[in-house]
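**Q** Going down the list, the sequences are from chains Z and S. Oh and the first sequence: position 344 is 344 in UniProt numbering, straight run, nothing missing. Oh and the second sequence: position 192 is 192 in UniProt numbering, straight run, nothing missing.
Among the hints, a few may not be true.
Output of the computed footprint for chain S on chain Z, the stretches with three or more beta carbons under 8 Å from beta carbons of chain S [claimed, not checked]:
| # | stretch |
| --- | --- |
| 1 | 132-144 |
| 2 | 246-260 |
| 3 | 285-291 |
| 4 | 347-355 |
Straight-line alpha carbon distances no greater than 25 Å define the calculated DMTMM-like cross-link-like pairs of lysine to aspartate or glutamate that follow [to be verified]:
| # | chain 1 | residue 1 | chain 2 | residue 2 |
| --- | --- | --- | --- | --- |
| 5 | S | Lys226 | Z | Glu150 |
| 6 | S | Lys121 | Z | Glu144 |
| 7 | S | Lys226 | Z | Glu193 |
| 8 | Z | Lys101 | Z | Glu193 |
| 9 | Z | Lys217 | S | Asp338 |
| 10 | S | Lys191 | Z | Asp62 |
Label-pair ranges, simulated between beta-carbon atoms [stated by the list, open to error]:
| # | chain 1 | residue 1 | chain 2 | residue 2 | range |
| --- | --- | --- | --- | --- | --- |
| 11 | Z | Lys205 | S | Leu141 | 53 to 63 Å |
| 12 | Z | Pro235 | S | Leu141 | 36 to 46 Å |
| 13 | S | Gly323 | Z | Glu238 | 35 to 45 Å |
| 14 | S | Lys121 | Z | Ser225 | 33 to 43 Å |
Honestly, the hints are just simulated from the structure, not real lab data. For glycine and all other residues, C-beta sits at the position ideal for the given N, C-alpha and C.
Below, each chain spelled out in residue letters.
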Amino acid sequence: MMLSRLGRICSSLSRQGLVSRALLSTSTYVHRPGEGSVKRVTLLPGDGIGPEVTQCVERVVDVMKVPIVWEKFNSISGADADGHPVEALPEELLASLRRNKVCIKGTLFAPLYKENTNTQSLNVLLRKELDLYVNLVHAFSIPEVQTRHEDIDIVIVRENTEGEYSGLEHEVVPGVVESLKVITEKNSRRIAEYAFEYALMNNRKKVTAVHKANIMKLGDGQFLSVCRETAAKFPTIEFEEMIVDATCMRLVSNPQDFDVMVTPNLYGNLIANLAAGLAGGAGIVPGVNLGSEGIAVFEQGARHVARSLQGKNLANPTAMLLSSAMLFRHLQWPSMADRLETAIMKVLQDPALHTTDIDGSATTSMYMDAIVKEL
Amino acid sequence: MAARGIASKVRGGGVPLATFLPGDGIGPEIAKAVRQVFEVASVPLQWEEHHFSPEVIDPSTSSMVTREALDSLLRNGLGLKGPMATPIGKGHRSLNLTLRKELGLYANIRPCFSIPGYKTKYDNVNLVTIRENTEGEYSGLEHEVVPGVVESLKVITEKASRRVAEYAFRYAKENNRSKVTAVHKANIMKKADGLFLECCRAIAEKNPEIEFEEKIIDNCCMQLVKDPSQFDVLVMPNLYGDIVSDLCAGLVGGLGVTPSLNVGDGGIALAEAVHGTAPDIAGKDLANPTALLLSSVMLLRHMELGTHADKIEKALLGTIAEGKYLTGDLGGKSTTRDFTNAVCSKI
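Can you make the complete structure from the sequences, with help from the hints?
**A** This is how it looks when you write it as structure tokens:
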């Protein structure tokens, strides 16, 4: 996604008052008959600020007249009434996802709870059940959103089904716990191939594999060797390997050094959150989960429930909106995606419309009214 | 940190003895700088120097660390280590693993603070990472179940978790820190990190004067880059500790200015510079002794020689803040000698 370049074009064009007209008249997308027909999209508002930000998506879809019909699942939460993790995925939700193939998902609680460790958080269950093995997070600098670093444009391709998230733990004897981290060649290969293909399709120059193979020689070692094999199949893309601790140190001092990153599950989680924090926070970074069944679940890149902001009209819907733009492109509606992204970039140019998470004082409604006005 | 429960082993004249492992590359030069500073500061400490090389493996330790060096460390209970080149090849234990296992080092402590005069994008950092250093993901227990499927075991025990948590709270109290944050992923690794978290909570209850909070590792990483000033002392299992301590070093300027201390049972302490040997500038009087000096300061504090520690730290930070004598990596053109002399002149 060439969003940051789009952002730069927008800021220069908007200064000349030429934004929407210039972009739309020069790009035309010849759709296949039927591509513009109504699509059913599953909507999972979730917990915390989830419902508020997904509502913003609904509003935008309405205003833009995007041909989407929502299949909403308002009552699904990551935690039950006692605050314990919900242990099973509702069948209707799974059926809906398999039928529609696309989903907008808000944030779901992943509560702390020690019993029943065979079950996992709803987020993880969803990924495993639907084999959503790619978690893609795009962290990029937005002009006018103040951050310590500039010109960040990093895509993290994270393995999303195995690794440390296997849920296989047991207490050997009282006070001694073993937790299994599983790395398979098959899943490592899938994710490495996706990362390189993504780089190719999006004109990216370099893929960095993040690992700790000097310590976890067999596990991460396997991941790394598969990445190397895959790199050999894409000779036009530069390949780099970096140990996870050195990666984090480099990220916080020179995030511009990174392009596409491919990682196993846990490191991907940390690095995506790090990169999101560097680019401006959980409120602006979009993400998507993709799988072998052709299903795509679009959500925030950093899955923070933000309970403290819940219900206060303070949440930042940017991440969710950018994610929806990714959804539009995925559904072969590039002009819808461009229009939405242009509007978002234009609105964010005005610091008065920044929400509190990016050091502004605007409310969600103020921001959304501005977005709607732009559209 | 107090040398609690051990006697600073005294020898001949009552001056404590500490083992010095200068290392390779720039190691000897920065070691010289530390000796010079300690002399000018009249630190009541004698050094017992030991050398070893990556080419020679000592069979009695199965590593490049010599038996004499280990015995010296065990005897003195105090050590300072410079950067070392590691041998290539197999058939021996790694340097760090050997030191850790033989000396029973269970916690790694790294203070990270913004250094006036050495500007980074973050200028309000003042935190300490305390990392459990014996178990967790670094147990080295892996096997290939069937071809193409590997299991790596992460081991968390109540004993090791309690031990590091206790150290963290003790450190906080002795160093006037007000908050300890336990970093974990217990929502996913419910039993393993859950156990670690419970141990931290139990120790927190016994230390009500210190504020205690819990942070999930991914949120912690995000918060560290958004606002590192919200953190004070962080206590973590092995892997997160490894990642977060390097992350924090990156915030304040890298391994060249980051001190590190490892503590073991019985109060044994090994301070070390965690940067590399920098072979390209070795022997050219260009190296920056800051990391080794700050680590030696940590060692002094561990020995309860707080006044000397403060004197040296103040002189060092003052030199960097003044900006007149800075080594290349700090943005200046001074030699190691000039930099060290400047520090000594401020004592």
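**Q** Taking the numbered hints from earlier one at a time, note which ones the structure violates and give those numbers from smallest to largest.
**A** 1, 3, 4, 7, 9, 10, 11
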